[in-house]
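Each chain is listed here by its residues.
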Amino acid sequence: GAVVSQHPSWVICKSGTSVKIECRSLDFQATTMFWYRQFPKQSLMLMATSNEGSKATYEQGVEKDKFLINHASLTLSTLTVTSAHPEDSSFYICSARLPTGGLDNQPQHFGDGTRLSIL
Amino acid sequence: LAKTTQPISMDSYEGQEVNITCSHNNIATNDYITWYQQFPSQGPRFIIQGYKTKVTNEVASLFIPADRKSSTLSLPRVSLSDTAVYYCLVGVPGGFKTIFGAGTRLFVKA
Numbered sequence: 225g226a227v228v229s230q231h232p233s234w235v236i237c238k239s240g241t242s243v244k245i246e247c248r249s250l251d252f253q254a255t256t257m258f259w260y261r262q263f264p265k266q267s268l269m270l271m272a273t274s275n276e277g278s279k280a281t282y283e284q285g286v287e288k289d290k291f292l293i294n295h296a297s298l299t300l301s302t303l304t305v306t307s308a309h310p311e312d313s314s315f316y317i318c319s320a321r322l323p324t325g326g327l328d329n330q331p332q333h334f335g336d337g338t339r340l341s342i343l
Numbered sequence: 004l005a006k007t008t009q010p011i012s013m014d015s016y017e018g019q020e021v022n023i024t025c026s027h028n029n030i031a032t033n034d035y036i037t038w039y040q041q042f043p044s045q046g047p048r049f050i051i052q053g054y055k056t057k058v059t060n061e062v063a064s065l066f067i068p069a070d071r072k073s074s075t076l077s078l079p080r081v082s083l084s085d086t087a088v089y090y091c092l093v094g095v096p097g098g099f100k101t102i103f104g105a106g107t108r109l110f111v112k113a
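Residue numbers (my numbering), protein chains in the order written: chain A, 225 to 343; chain B, 4 to 113.
Everything labelled a hint here was simulated from the structure, so no lab data went into it.
A virtual CB, placed ideally from N, CA and C, is assigned to each residue, including glycine.
Be aware that one or more of the hints could be misleading.
PhoX-like mimics (lysine-lysine), calculated; alpha carbons at most 25 Å apart, straight line [stated by the list, open to error]:
no.: 1; chain 1: B; residue 1: K6; chain 2: A; residue 2: K265
no.: 2; chain 1: B; residue 1: K72; chain 2: B; residue 2: K55
no.: 3; chain 1: B; residue 1: K72; chain 2: B; residue 2: K57
no.: 4; chain 1: A; residue 1: K265; chain 2: B; residue 2: K112
no.: 5; chain 1: A; residue 1: K238; chain 2: A; residue 2: K290
no.: 6; chain 1: A; residue 1: K279; chain 2: A; residue 2: K290
Computed far set for chain B versus chain A, every beta-carbon distance over 12 Å [claimed, not checked]:
no.: 7; residue: Q41
no.: 8; residue: D85
no.: 9; residue: T101
Here are some chain B residues pointing at chain A (derived, C-beta under 7 Å) [unchecked claim]:
no.: 10; residue: Q52
no.: 11; residue: F103
no.: 12; residue: A105
Given only the sequences and the hints, what does the whole structure look like? Please build it.
Right, dumping it as structure tokens:
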């Protein structure tokens, strides 16, 4: 089945540093990927939609200068948390959709998430 | 995007059948119903998807009444490893972004 891989799975860094998270679609090309954030005991919150070859679309309240998204190829999207602070500590999850092939019912496939801890 | 309502939590015992119902009163004609399972510190995993009537795969069944305003995920003979959060999503999977509701926290006891 479709596989989405995230790297790293866990990162701890000091406040003020920038952290890059990679999301790869391993066996299919994804023109669109999504980035979510999840706090403990809460649901996933959509942060942005990453579009290959164009700018990402951010959800209301998500700082685009804080969370930089790059989708330079059909198999890779990256999320960079710039100048991270403790409040940015969270579980970040990406997803990708299989090419629709004219069908509307292709579900999203999710990576296993990246746990980010800012000290 | 149609809003969904699910029970916050459910308890069950091993070997029982578990039915989780999701309400989606404003579902649109082109919307599909998709269920995901999420374990702690993992991304959601696709379980099943349907448009109408009944869909069954190797892990679950999905029942959708004719008016499509609700759906029920059925997990046969649950085990401890089925303890997870289950999300019901409604939308056009191939066309629009996915918004997660609160999900149902299922706890399976021995």
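Checklist entry - Checked against the structure, which of the hints given earlier come out wrong? => result Result: hints 7, 9 break, sorted rising.
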